[in-house]
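Full structure from sequences and hints, please.
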Amino acid sequence: MNKFIFGQYLPGTTLIYRLNPLLKLITAVLLIIASFVNHSWIGFVILLVICGLLIRMSKVGWKFFLKGTKFFIYIILLTSIIQVLFSKGGQVYWHWGIFTISSFGIHIATLAFFRFLIAIVVLTIYLMTTDPADIAQTIQGICYPLKFVGVNLDDIGLVAAIGLRFVPTLTDEVTNIKNAQKARGIDFQKQSIFSRIKSSVAIFVPLFMNVFRRAEQLASSMILRGYTDGKKRTHLRQLKWSKFDSLALIGVMIGFCGFILIFCI
158 MNKFIFGQYL PGTTLIYRLN PLLKLITAVL LIIASFVNHS WIGFVILLVI
208 CGLLIRMSKV GWKFFLKGTK FFIYIILLTS IIQVLFSKGG QVYWHWGIFT
258 ISSFGIHIAT LAFFRFLIAI VVLTIYLMTT DPADIAQTIQ GICYPLKFVG
308 VNLDDIGLVA AIGLRFVPTL TDEVTNIKNA QKARGIDFQK QSIFSRIKSS
358 VAIFVPLFMN VFRRAEQLAS SMILRGYTDG KKRTHLRQLK WSKFDSLALI
408 GVMIGFCGFI LIFCI
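Each residue of the sequence shown is one higher than the one before, starting from 158 at the first, in the working numbering.
Errors might be hidden in some of the hints.
Below, a list of computed lysine-lysine pairs in the DSSO-like style, where the Cα atoms sit at most 27 angstroms apart [stated by the list, open to error]:
1) LYS245 x LYS304
2) LYS216 x LYS227
3) LYS227 x LYS335
4) LYS216 x LYS400
5) LYS335 x LYS224
6) LYS216 x LYS397
7) LYS224 x LYS339
8) LYS339 x LYS227
9) LYS335 x LYS220
10) LYS220 x LYS304
If you're looking for bench data, these hints aren't it; they were derived computationally from the structure. Quantities reported herein were computed from a predicted structural model and do not represent experimental measurements.
Written as structure tokens, this is what we have:
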């Protein structure tokens with residue numbers, strides 16, 4: 158595999174793959190919470206180091222990982238630049254028309270950049286190292302209390318599994334359509350921003366057609382295999398919570414509480 162797509166599961170055998178999906182989800186949520194309540198630059202450095210260690214544990218190369226997240230990094234960077242130019246307050250360094258660069262704008266934009274960067278990296282690691290079926294089963298377990306108010310948990314798990322599996326598929330569809338358009342002489346790189354927006358119609362129209370076609374194929378396949386809505390189902394692999402998961406959860410909670418006490422209070 159020479160291309161990594163955001164939301165794509167990459168099979169592996171390292172320690173992070175063997176952890177319980179619920180433990181990884183709790184860890185991901187706590188890391189994101191820590192990044193959003195943190196106001197210390199040292200705290201951001203610590204969180205980025207933790208993210209780096211998690212990427213290292215997954216045995217995925219840095220360049221390979223960045224290829225799958227660079228689009229979101231560009232979006233976060235663009236949002237931060239806009240925030241720098243339009244946020245007012247503090248010492249003003251430069252002003253022209255409606256644009257203002259101030260100390261407050263730089264501070265807020267930098268905080269937002271690191272917070273969303275950490276969130277994207279953590280979510281990417283979680284989706285990359287956790288099988289979509291396990292994620293769906295975990296979500297189904299978290300939503301268990303809804304069963305008492307008549308919500309069908311099996312349908313929730315099915316929707317989650319299908320949605321997660323279709324993320325890389327749709328990305329591949331976009332890539333294939335763009336390559337087909339390039340083969341017909343459309344060069345997206347040399348076009349202006351307005352021309353790119355106009356040319357995007359040639360991408361999204363066939364994309365939606367392919368999405369509906371795949372959805373119809375999936376529905377037909379499920380019907381032929383005897384799928385019936387509202388029936389209770391079993392899982393091919395039951396998730397187990399080990400003693401190591403318990404010890405890891407205790408360590409994560411201690412680390413999270415310590416981080417909050419040191420950098421957020």
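Numbered hints the structure breaks, given as an ascending list | Violated hints (numbers, rising): 1 and 10; every other hint is consistent with the structure.
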